[in-house]
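Asker: Next come the chains, spelled out residue by residue.
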Amino acid sequence: MFTQQLLNGLVTGSTYALFALGFTLVFGVLHVLNLAHGAVFMVGAFAGLYTVTTAGLPLPLALLVAMLVGGLISVAVDWLALRPLRQRGTTEFGAIISSLGIAQVLMSAGQAVSQTQIMRFPFGTFPVVIYQFWGLRISLLQIVILLLSLMLALALLLFLFRSDFGRQIRAVAISERTSSLLGIRPGRVYFQTFFISGALAGAAGVIIGLAFNSVHFLMGEPYLLRAFVVIVLGGLGSIGGALVGGLLLGLVQTFSVSYLSSSLSDAIIYSLLFGILLLRPSGLFGKLHIETRVVRA
Amino acid sequence: MSGLTLRNVSRQFDGLLAVGDVSFSVLPGRITGLIGPNGAGKTTVVNLISGLLRPTQGTIHLDGEDISTIEPAAVARRGIARTFQTIRLLKETSVLDNVVAGFHCHERSSWLASLLGTPAARKETADLRARAAELLRQFNMLQYAGQAAGNLSYGHQRRVEMMRALATEPRLLLLDEPVAGMNDREADALGEIFSVLATNGLAVLLIEHNIRFIMSLCQELHVLDAGRLIASGEPHAVRAQAAVVAAYLGA
Amino acid sequence: MSGFILGHLSVFELVLVNGVLAYSQYIALRAGVFSMATAGFAALGAYTAALFAVRLGFPVWAGLFAAALIGAVAGLVLALPLARLRGVFQAIATLAFVQIVMSVGLYWESLTGGALGLNGIPKLVHPGHLLVVLAIVLYVLRAVSRTGIGRAFDTIRQDETVAVSLGISVVKYQSLAFVLSGALGGLGGGLIAYRNYSLVPEDFGFPLLIAALSFVVLGGRNAVAGPLVGALILTLLPEVARPLADYRLAVNGVLIVLAIIYWPYGVVDTVILHWRQRKAARAQAVAEVVP
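Residue numbers (our numbering), protein chains in the order written: chain A, 1 to 297; chain B, 1001 to 1251; chain C, 2001 to 2291.
Treat the hints as calculated values from the structure; they're not laboratory data.
Be careful, since some hints might not be right.
[Stated by the list, open to error] Incomplete in silico selection of chain A near chain C, CB under 10 Å: (1) P84; (2) F93; (3) I97; (4) L100; (5) A103; (6) A112; (7) V113; (8) S114; (9) V229; (10) V232; (11) L264; (12) Y270; (13) L273; (14) L277; (15) L278.
Glycine residues also receive a C-beta, built at the ideal position from the N, C-alpha and C atoms.
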């Protein structure tokens, strides 16, 4: 029972981590919260679903389409809602409002397209295979979810820390001015950052849509709210932190649901978030410098 | 002992020594100068005194009271006012209201009176505006009262910042490079104001780059280099010291 | 005019209720507190008011007072830890508060009715009540704006370092802002309870939080009239332009994106700014003619 819950918790947690990766990437580079991330995730899920249902294409292709669409939508979000603010040098407040606004537009579009229905992947989109060993049950889908999330997180880390593009992104994250003096074009870096973030959201949309076999226009909201917990746990802007934070949150949620009550689980999760912000705002692993109030430092 | 006294004050940032073992006093009625090359730790000293930074070692006293660890707002209420190296005005707010903000410590209306908008609270606002206008008149700035502070010229913005600091009616005024970017004429006009303030009993700590300006104003001078005081005393005597020449000219 | 108002009484009431919620958001932002807690305060106020009326038979004013009080208390409790955080951390923490309140509302079935909510709440508020409440709120906010508290709030919002250098205690004033925001949010929640006949926890989630922010962003964050104008526009628009009602979300979204990018001061403050500049220009012109 315990081991089974542990396994379930890790699978749930890996979906949280997958969602949060792109969210924390944007925060790490631009130091703004992109609240349209949940809507981009929803659009990705829609794109993947329609690729399977309307176009009748196989799932791996749907995943790629979802990543492409997610990436492009995310870049559009940046262009329409965030870039104008950046050019004016306006701060974190504007970005939150603006990304919330564009999220509403995307959600409204999703609502119109889906006519407020909950949509499902057709039966057999993903083979139903259940493995049993040591008294544990795990489906092939769960294994794929777990592996895919870990792979994407690793790929992102490798990209950021081992490639030239990654180095440029990290340079801009530290200082846009200095890096542009060094010949890095910040515009390109922002494009890449948002594309990667959106592609990850799109992938998460398809995977989570499959896992719960439910795709609808409001699906982003609970994940966005969870993502706050994940990135605060792991430290804002930290990729590795998001991975660990996501897994941790999955465990906390699974265990609190199975041993306490499902409706209390949310209260516990958000109290955890609140507590961490107060006690350790840089997260469990973050070394991020936290600007605090004007008090003696 | 009256005035400001720093005793063996040190401050480290992640093991890096920004200010080391600095001791000096700033007496009422005099202008005390603090000079040093870029990165010598001058602004760190100002931030330590005004309460933005906590000294790693040493104590800071104002009129005999230890203020080394109290919160910055409390430091201001004890009577220490400052200007900033890069001007910090409320840019959207009018010049008059920028100065009115400086009277905060002297407001007497309770929160309840303010929430209820009692006649007394409204009268206090009117009185403070009148006092701010009077201050503007003294500094010959009354004609700009209604303008947004961000629209003023550089020199005028400096003056507004000064008036705001004076509105707190301080015992000690910290001036962090007040004439940076000004020409000699503008600087001297401001210097005259500083002299008058000191003559009226205010303790003034003047941080500057401009040697000519500081020599003409200060009664006492301290030289900071790499976080340590390398010379202190009467300005002309200090300037003659070899270490000071070395720090400034790199010779 | 009165015929129009009578015909649209329900919308008119909604504008006023939303106005009160907008002021809860406004007072926090005015003091530089990046709070998203208004929806949580409203939930506390709404359930308190509803329970007082249903279980204890309290009259309308007592119920509303209790709603405001519980909001203020929640604001005070939140303020103690949150005044230490800033920026996005404050925003995230207050968001967590909203979620905690909502999930407790779902969990504590014996008190709140859980997911089914509270039903059969008497309709106790009428437009007259709403007008009186809003008049009081406006009076207090105007008083705050014109006296010491407003000055301290404005200074903190624009530059915290300057504020402390002038002796303004940021923690103290931001705590006050939290308490005021809590009281107004609780009051707004109480009005919702006495107008809607029933309550469910989902009424007070993310959408309400976004609505409260939108009112202030669109209307303006400085002048006292701003939030009410924002609430008026965003509440009336779907009613006036019926075809837009289906795309309420999108209309709201487009408006706040445009507002934050092109009129960052909001409708009312932009108009005031423009008017002031013209006045200043005219004064300058007069001064040049008559040297």
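Asker: Take the hints in turn and mark each one as holding or not.
Answerer: Okay, the hints, checked on the actual structure:
1. About 5 Å separates the beta-carbon of A/P84 from the nearest beta-carbon of chain C, less than 10 Å, and the hint is met.
2. The closest approach between the C-beta of A/F93 and any C-beta of chain C is roughly 7 Å, which is under the 10 Å cut-off, so the hint is satisfied.
3. The beta carbon of A/I97 comes within 5 Å of a beta carbon in chain C, closer than 10 Å, and the hint placing it at the interface holds.
4. Interface hint status for A/L100: upheld, as the beta-carbon distance to the closest one in chain C is roughly 6 Å, under 10 Å.
5. At about 7 Å, the closest approach between the beta carbon of A/A103 and any beta carbon in chain C falls short of 10 Å, and the interface hint on this residue holds.
6. Interface hint status for A/A112: upheld, as the beta-carbon distance to the closest one in chain C is roughly 7 Å, under 10 Å.
7. Annotation: interface hint on A/V113 violated; nearest CB of chain C at approximately 12 Å, more than 10 Å.
8. Contact between A/S114 and chain C, as hinted, is not supported at the beta carbon level, the nearest pair being about 13 Å apart and thus beyond 10 Å.
9. Using the Cβ-Cβ criterion of 10 Å, the hint placing A/V229 at the interface with chain C is satisfied: the shortest such distance is roughly 8 Å.
10. Contact between A/V232 and chain C, as hinted, is supported at the beta carbon level, the nearest pair being about 6 Å apart and thus within 10 Å.
11. For A/L264, the interface hint holds, since its Cβ comes within 10 Å of a Cβ in chain C; the closest pair sits about 5 Å apart.
12. At about 4 Å, the closest approach between the beta carbon of A/Y270 and any beta carbon in chain C falls short of 10 Å, and the interface hint on this residue holds.
13. A distance limit of 10 Å between C-beta atoms decides the matter here; for A/L273 the minimum to chain C is near 4 Å, and the interface restraint holds.
14. With its C-beta approaching chain C no nearer than about 5 Å, A/L277 sits inside the 10 Å limit, and its interface hint holds.
15. This hint holds: A/L278 has a C-beta 5 Å from the nearest C-beta of chain C, less than the 10 Å allowed.
Hints 7 and 8, counting from the list given before, are not met by this structure.
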